[in-house]
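A.B. asks: Residue numbers (the working numbering), protein chains in the order written: chain A, 1 to 425; chain B, 1 to 301.
Just so you know, the hints here were simulated from the structure itself, not pulled from any lab data.
Each residue gets a CB set at the ideal place from its N, CA and C atoms; glycine is no exception.
Fair warning: there could be bad hints in the mix.
Claimed, not checked - Pairs of lysine-lysine residues, derived as DSS-like cross-links and limited to a Cα-Cα distance of at most 30 Å, are as follows:
{"no.": "1", "chain 1": "A", "residue 1": "K89", "chain 2": "B", "residue 2": "K196"}
{"no.": "2", "chain 1": "A", "residue 1": "K244", "chain 2": "B", "residue 2": "K268"}
{"no.": "3", "chain 1": "A", "residue 1": "K404", "chain 2": "B", "residue 2": "K268"}
{"no.": "4", "chain 1": "A", "residue 1": "K325", "chain 2": "A", "residue 2": "K306"}
{"no.": "5", "chain 1": "B", "residue 1": "K196", "chain 2": "A", "residue 2": "K97"}
{"no.": "6", "chain 1": "A", "residue 1": "K163", "chain 2": "A", "residue 2": "K187"}
Unchecked claim - A short list of chain B residues far from chain A (calculated; beta carbon distances all over 12 Å):
{"no.": "7", "residue": "P21"}
{"no.": "8", "residue": "L25"}
{"no.": "9", "residue": "F35"}
{"no.": "10", "residue": "V43"}
{"no.": "11", "residue": "L51"}
{"no.": "12", "residue": "R59"}
{"no.": "13", "residue": "I134"}
{"no.": "14", "residue": "I204"}
{"no.": "15", "residue": "W210"}
{"no.": "16", "residue": "L221"}
{"no.": "17", "residue": "V286"}
To be verified - Which residues of chain B face chain A? A few of them, derived with a C-beta cut under 7 Å, are:
{"no.": "18", "residue": "W60"}
{"no.": "19", "residue": "V158"}
{"no.": "20", "residue": "G162"}
{"no.": "21", "residue": "S166"}
These are the residues of each chain, in order.
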Amino acid sequence: MSSTLHTTVRRIAAPLTALVLAAALSSCGGDSGSSSTETKSVTLWMYPVIGDQAASDAYWQKVEKDFEAANSGIDLKLEMQPWANREEKVAAAFSGKKGPDVLLMIPDQIPQYVTNGSLEPVDDVVTPDKDKFLPAAIPGLTVEGKVYGAPIYHTVTSTMYNKTILTKAGITKPPETWDEIKAAAPKIKAAGFSTLDYSASPEASLNLNFYPLLWQAGGKVFADDGKSVAFNQAPGLAALTFLKSLWDEGGIPKSALSNGNTVADSPLGKGQVAMAFTSTPADAGTVAKTWGAANIEIGTPLTGQKQVGFGLPGGLVLNAASENKDAAKKFMSFMIQPPQLEALSKASGFYTPRTDVKAPAADATAAKFADALQYAFPGEPNPAARQVNSLLGVEIQAVLTGKKQPQQALDDAAKQANDLLSRQR
Amino acid sequence: MTDTLRQPASSLRRRGPRRRPWVGLLFVAPMLALFLVFRFLPVVGAFLLSLTDYRLSGRWTFVAVDNYTRLLQDDLFRQSLVVTLTYTVIFVPLTVLLSLGTAIMLQQVVWNRGFFRSVFFLPYVTSIVLAAVIWKWIYDAQDGLLNAVLGLVSVGPVDFLGQSGSVLASIAVTSAWKGFGYSMLILLAGLQAVPKSYLDAAMIDGAGSWQRFRYITLPQLRPVLFFVLVIETIGAFQVFDAMYVMTGGGPVRSSYSLVYLLYDSGFKYFDFGYASAIGLVLFLIVLIVSLVQRRLVGRDD
Chain A
1 MSSTLHTTVR RIAAPLTALV LAAALSSCGG DSGSSSTETK SVTLWMYPVI GDQAASDAYW
61 QKVEKDFEAA NSGIDLKLEM QPWANREEKV AAAFSGKKGP DVLLMIPDQI PQYVTNGSLE
121 PVDDVVTPDK DKFLPAAIPG LTVEGKVYGA PIYHTVTSTM YNKTILTKAG ITKPPETWDE
181 IKAAAPKIKA AGFSTLDYSA SPEASLNLNF YPLLWQAGGK VFADDGKSVA FNQAPGLAAL
241 TFLKSLWDEG GIPKSALSNG NTVADSPLGK GQVAMAFTST PADAGTVAKT WGAANIEIGT
301 PLTGQKQVGF GLPGGLVLNA ASENKDAAKK FMSFMIQPPQ LEALSKASGF YTPRTDVKAP
361 AADATAAKFA DALQYAFPGE PNPAARQVNS LLGVEIQAVL TGKKQPQQAL DDAAKQANDL
421 LSRQR
Chain B
1 MTDTLRQPAS SLRRRGPRRR PWVGLLFVAP MLALFLVFRF LPVVGAFLLS LTDYRLSGRW
61 TFVAVDNYTR LLQDDLFRQS LVVTLTYTVI FVPLTVLLSL GTAIMLQQVV WNRGFFRSVF
121 FLPYVTSIVL AAVIWKWIYD AQDGLLNAVL GLVSVGPVDF LGQSGSVLAS IAVTSAWKGF
181 GYSMLILLAG LQAVPKSYLD AAMIDGAGSW QRFRYITLPQ LRPVLFFVLV IETIGAFQVF
241 DAMYVMTGGG PVRSSYSLVY LLYDSGFKYF DFGYASAIGL VLFLIVLIVS LVQRRLVGRD
301 D
């Protein structure tokens, strides 16, 4: 019996020993690598901005090779991350004073990390090329006068129409303004369709739903100093009233209450809605499969008092806890140069943030979206943006479901938001 | 045969009983270590965290019980507690009855028993996110399957997920469909452990099938039923994913649960101290509810 036990122990112990040894060896290897030579390492967390896995690998491997060739002594470590659980991972990494040297962020993520002291300004990285970026690119990555992100791509949204539905409703000129939408809604309803796509789920970003309407009405989410909210003023009321009247007339699909910003299984994707006002090029690609490419028409962003769309830069930000800030900045400067941006745009389908780099428009749809870039507004970054998004989203639901009047709902949301903002200062 | 089985036991006894606790400990040690590291320590950590205002940067200040007093005054906390309790009241009986019913049914099945067992267990191993997406289609107010069926009898259309009156029940049905397989298997095992001789004796005494179930099967099943009840109640209190996917907590926060509030506080607003306090209060509530259930159902164990 004891010999059996012995064998069992050995059987279990052998792989364990191997594991421990391997771990020890690998950690040794890591140590000697960084201490014996003067190589500085820069770790990058990148996300699947390039949707196609093979294209993504090819692009980033080339970036690594080219950058290291041009900057001897810097070792670029690429860590591809999934979009899933991105917030949690980044938050956990920063709170533990760890995380990569450089990572990708979008405008609305940046302010809260700035408030927490997790990000380092990078004005010196973007200053040399400042005039060569799109109007929203650098302002979108700026917080309280300091630039925190180096823009590497730019997104855009615009209005997208389902031509089949418009034709069935007898509408020849696609509605481009609020008034034209109101006029078209009864005809579209009579033809058996909804007019405007909308996502009223509290999880949906208002940047793609209510805020563009608010901006089109000439309003703002936050006051200029960011210490109070402004959405409950006249433009906000106009925007919400427009939405509510359209909803009451059956111009917006009822499932909007629980729909997020995904097109595929939404009424829009299923061909039940005539138009959407914040569609992305990717959305156009998705609906091309269900409506047929010939039935898609891309317009410019909607006009209320003003013509405004939503579009924002994606930027590389620098971890304030990085031990190799200079090397990291070299990498950021490298990334915002035309060759890298042009190749990224080609591979990802996003637009370049630089005006002096024209990635060739793949087709007519892409060209139409490129026209909308000039109306792109990057949103209003604020450390409390997400809380405000949540609580305003809930009040908008209260209006749509008839529980509150528009002004009442906006005032209730404003009160909660202002309380929140005053607590944060 | 019996001799060979008994021998190792007696030889162990001869070596002295004092060594046995060590052997036992050795066997549970890996699990115990894992439990301490991945369960117990995080709870302690969460408790400590709940006494601080912990910032994303790692800076923190000690705030004593501030997070807890804030919780008591928070309307949203009260609201989400009511949502969670309502959901639990709908979900737990639904799931327990569903799993008990299916278990009893399965026990009667002789032909292809394994197949039927697997079929009912299948939803349990699917992802709740996928299940929620599909149920969202089923519930769709405009072109959902359920409304199409209701339309045949000229009812509706009902906006199941868009009304505060129906949203929690709709989500509970989805979660019950997804999760009842586990409890069903446990109850099935419990049913099979009920000695057949008791049932036979009762039958000879003239007990009908309901009487046999009520006076023999059910009392015998009690420990198992208690376990199922506790497990499902804990699961109900932790509800989040189905709500996140199906409604985003809406409409107007009618499906905004405690864990949803915890998630928003921690990972959307980075208010880690407050989120930890919510977690601990949830832990206390579940503990109290489980103790009450133990008194009511599981008193013999």
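A.B. asks: If a hint holds in the structure, say so; if it doesn't, say that too.
C.D. replies: Right, here's what the structure says about each hint:
At most 30 Å may separate the alpha-carbon atoms for a hinted pair to count; K89(A) and K196(B) exceed this at roughly 54 Å. Among the hinted pairs, K244(A) with K268(B) is consistent with the structure: their alpha-carbon atoms are about 28 Å apart, no more than 30 Å. With a C-alpha separation of about 26 Å, the suggested pair K404(A) and K268(B) falls inside the 30 Å cut-off, and the hint holds. Among the hinted pairs, K325(A) with K306(A) is inconsistent with the structure: their alpha-carbon atoms are about 42 Å apart, more than 30 Å.
Taking the CA atoms of K196(B) and K97(A), the gap is about 63 Å. The hint is violated against a cut of 30 Å. Only pairs whose Cα atoms come within 30 Å are accepted, and K163(A) paired with K187(A) is accepted, the gap being roughly 14 Å. With a minimum CB-CB distance of about 18 Å to chain A, P21(B) clears the 12 Å threshold, and the non-interface call stands. Chain A leaves L25(B) outside its interface by the beta-carbon criterion, the shortest separation being 16 Å against a cut-off of 12 Å.
Against chain A, the non-interface label of F35(B) holds: every CB pair exceeds 12 Å, the least being about 20 Å. Distance check on V43(B): its Cβ is at least 18 Å (rounded) from any Cβ of chain A, clearing the 12 Å threshold; non-interface status holds. The non-interface label for L51(B) is consistent with chain A: the shortest C-beta to C-beta separation is roughly 16 Å, beyond 12 Å. Consistency note on R59(B): stated as away from chain A, yet its beta-carbon is not over 12 Å from all of that chain's, at 8 Å minimum.
The claim that I134(B) lies off the interface is violated: its Cβ sits roughly 10 Å from the closest Cβ of chain A, which falls inside the 12 Å cut-off. Residue placement check: I204(B) keeps its beta carbon more than 12 Å from all beta carbons of chain A (closest about 49 Å). Here W210(B) stays apart from chain A, with its beta-carbon at least about 42 Å from theirs, past the 12 Å limit. At the 12 Å boundary, the C-beta of L221(B) stays outside the reach of chain A, the nearest C-beta of that chain being 39 Å off.
Even its closest Cβ contact with chain A, about 23 Å, leaves V286(B) beyond 12 Å, as expected for a residue assigned away from the interface. Violation of the interface hint for W60(B) is found here, the shortest Cβ-Cβ separation to chain A being roughly 9 Å, above the 7 Å cut-off. The closest approach between the C-beta of V158(B) and any C-beta of chain A is roughly 11 Å, which is over the 7 Å cut-off, so the hint fails. Residue-level restraint check for G162(B) holds (minimum Cβ-Cβ distance to chain A is 4 Å; threshold 7 Å).
About 12 Å separates the beta-carbon of S166(B) from the nearest beta-carbon of chain A, more than 7 Å, and the hint is not met.
Consistency with the previously given hints fails for numbers 1, 4, 5, 12, 13, 18, 19 and 21, ordered from lowest to highest.
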